[in-house]
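J.: Sequence:
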Amino acid sequence: MPELPEVETVRAGLARVLPGRTITAAAVLHPRPVRRHIAGPEDFAATLVGRRFAVPRRRGKFLWFPFEDSDALVAHLGMSGQFRSDAPGADLVRNTRIVLDTDDGRQLRFVDQRMFGGLWLSPGGGDVPAEISHVALDPFDDRFDPVAVARTITRRRAGIKTLILDQGIVSGIGNIYADEALWRARLHFATPGEDLSVRRVATLLRHAREVMAEALGQGGTSFDALYVNVNGESGYFDRRLRAYGQEGRPCERCGTPIRREHFMNRSSFSCPRCQPAPRSGR
DNA sequence: CTGTGGTCCTGTATGC
DNA sequence: TGCATACAGGACCACA
Numbered sequence: 085m086p087e088l089p090e091v092e093t094v095r096a097g098l099a100r101v102l103p104g105r106t107i108t109a110a111a112v113l114h115p116r117p118v119r120r121h122i123a124g125p126e127d128f129a130a131t132l133v134g135r136r137f138a139v140p141r142r143r144g145k146f147l148w149f150p151f152e153d154s155d156a157l158v159a160h161l162g163m164s165g166q167f168r169s170d171a172p173g174a175d176l177v178r179n180t181r182i183v184l185d186t187d188d189g190r191q192l193r194f195v196d197q198r199m200f201g202g203l204w205l206s207p208g209g210g211d212v213p214a215e216i217s218h219v220a221l222d223p224f225d226d227r228f229d230p231v232a233v234a235r236t237i238t239r240r241r242a243g244i245k246t247l248i249l250d251q252g253i254v255s256g257i258g259n260i261y262a263d264e265a266l267w268r269a270r271l272h273f274a275t276p277g278e279d280l281s282v283r284r285v286a287t288l289l290r291h292a293r294e295v296m297a298e299a300l301g302q303g304g305t306s307f308d309a310l311y312v313n314v315n316g317e318s319g320y321f322d323r324r325l326r327a328y329g330q331e332g333r334p335c336e337r338c339g340t341p342i343r344r345e346h347f348m349n350r351s352s353f354s355c356p357r358c359q360p361a362p363r364s365g366r
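The first sequence begins at 85 in the numbering used here and counts up one residue at a time.
Among the hints, a few may not be true.
What the hints assert, rightly or not - Ranges between beta-carbon positions, derived for each pair:
id, residue 1, residue 2, range
1, Arg350, Gly134, 28 to 34 Å
2, Ala123, Glu278, 19 to 25 Å
3, Ser217, Glu278, 23 to 29 Å
4, Glu336, Leu176, 38 to 44 Å
5, Val212, Ala109, 53 to 59 Å
6, Gly173, Ser217, 38 to 44 Å
7, Ala214, Pro360, 42 to 48 Å
8, Arg337, Val212, 36 to 42 Å
9, Asp127, Pro362, 50 to 56 Å
By construction, these hints were calculated from the structure, which means they are not laboratory data. Even for Gly, the Cβ is constructed at its ideal location relative to N, Cα and C.
Model the full structure from these sequences, guided by the hints.
T.: The structure is reproduced here in C-alpha cells:
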C-alpha cells in the first residue's frame, strides 16, 4: 500500500510483532521481489536466518527493519505490496512472494501482485540504509522543514504536482494525497513551481501533512483487497477523499463537478473552479 | 542539472 | 462467451 499513511500503518503493525523476534527460516517463492542481491534469492534467504529484529523504521514510502547486528532488511511496497503476519498453518494468499518464519511461531509474509515492490538486505543499514539516502525527509519527520522545501520547489519550473511527487524533494506523497493536498490548497497540478510563492508552497506542504495524518487515523485508504494492513484489514479514508477518484461528483466547496485529466501518464482529479489552470501551463 | 517517457508486472473492469 | 483495451496507491533509468 503505497503512500505514506498506508506504509506507516504497516510499519506500526509490524512494530507490534517483530522486535525481539529471530528469523528461523526463510523462503523465496518468487525471485523478482528480491532486489540488489547479487548472490541470488537462495543466498538472500539463507543470510536472513538467525537474525533478530529491532524496531521497524520508515522514511517516505520506504520501510526498513534493522537487525540487532546493524544490518537491515529494506522493503518497498511498490504498487501492490503487503506484509501479513500469519500463523504458519494459515492459507497462503495469492501472490505471496517471500515467507519468513520467526521464533514466536508466526510467519511474516510479503505478498505482491504486480511485483513493483521488493526487499533487500542492506549491510550496515540499520540507521538509514545507504540505498535510500537519496530519499528526502517526509512531512512526518521532526527535521522536515516546509519552508526550506518550499524554497527548493519555487526554484523549479516543473508542475507543482510533479514536484511534490518527487521523492528526492519531499517523500511519502503519492498520487492520491497529492491530489487531496492540491485540492485543499486550491492549486492546479500544472502550476509551475517557480510561479508560486514560498508561503503558498509551504502551506501546500502543511496540507499534505495534515491530510496524510487524517488518513493515518483511518488506517489509510483502501479501494480493494490489494491494500490492507498486516492483519488483512482495509483502511477507511476513501470515504473522506475530496478529489481523488471523485470524477463527476460535486466539489465539496463549490459544487462544480470534479474533473479527471491525464497528467504525466496518471490520472489527476481536481475542481475546475477552485483549482483553475495556470495561464501558460496545461 | 532538469524534465520527460518508457519499463518493470499482474489483475480487474469495461467495451465490442 | 471471447477478446482487446484501459487502468491501477511507484520508482528507476536512459535520453534529450
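J.: Regarding Glu336 and Leu176, is the given constraint of 38 to 44 Å on their beta-carbon distance met?
T.: 42 Å Cβ-Cβ, so the 38 to 44 Å window holds.
J.: If you check the beta carbons of Asp127 and Pro362, does the distance land in 50 to 56 Å?
T.: Hint holds: Cβ distance 52 Å, inside 50 to 56 Å.
J.: Does 38 to 44 Å hold as the CB distance between Gly173 and Ser217, or does it fail?
T.: About 40 Å separates the Cβ atoms of Gly173 and Ser217, which means 38 to 44 Å holds.
J.: Assuming the hint says 42 to 48 Å, is it satisfied by the Cβ distance from Ala214 to Pro360 or not?
T.: Check passed, 43 Å falls within 42 to 48 Å.
J.: Please check whether Ala123 and Glu278 have a Cβ separation lying inside 19 to 25 Å.
T.: 47 Å, violated
J.: In this structure, is the beta-carbon distance linking Arg350 and Gly134 contained in 28 to 34 Å?
T.: For Gly134 against Arg350, whose Cβ atoms are near 42 Å apart, the range 28 to 34 Å is violated.
J.: So the hint says 23 to 29 Å: do the beta-carbon atoms of Ser217 and Glu278 match that?
T.: 27 Å, holds
J.: With respect to the beta-carbon atoms only, verify the hint that Arg337 and Val212 lie 36 to 42 Å apart.
T.: Given range 36 to 42 Å: holds, Cβ gap about 40 Å.
J.: Within 53 to 59 Å or not, the Cβ separation of Val212 and Ala109?
T.: About 29 Å separates the Cβ atoms of Val212 and Ala109, which means 53 to 59 Å is violated.
Hints 1, 2 and 5 from the earlier list are contradicted by this structure; the remaining hints agree with it.
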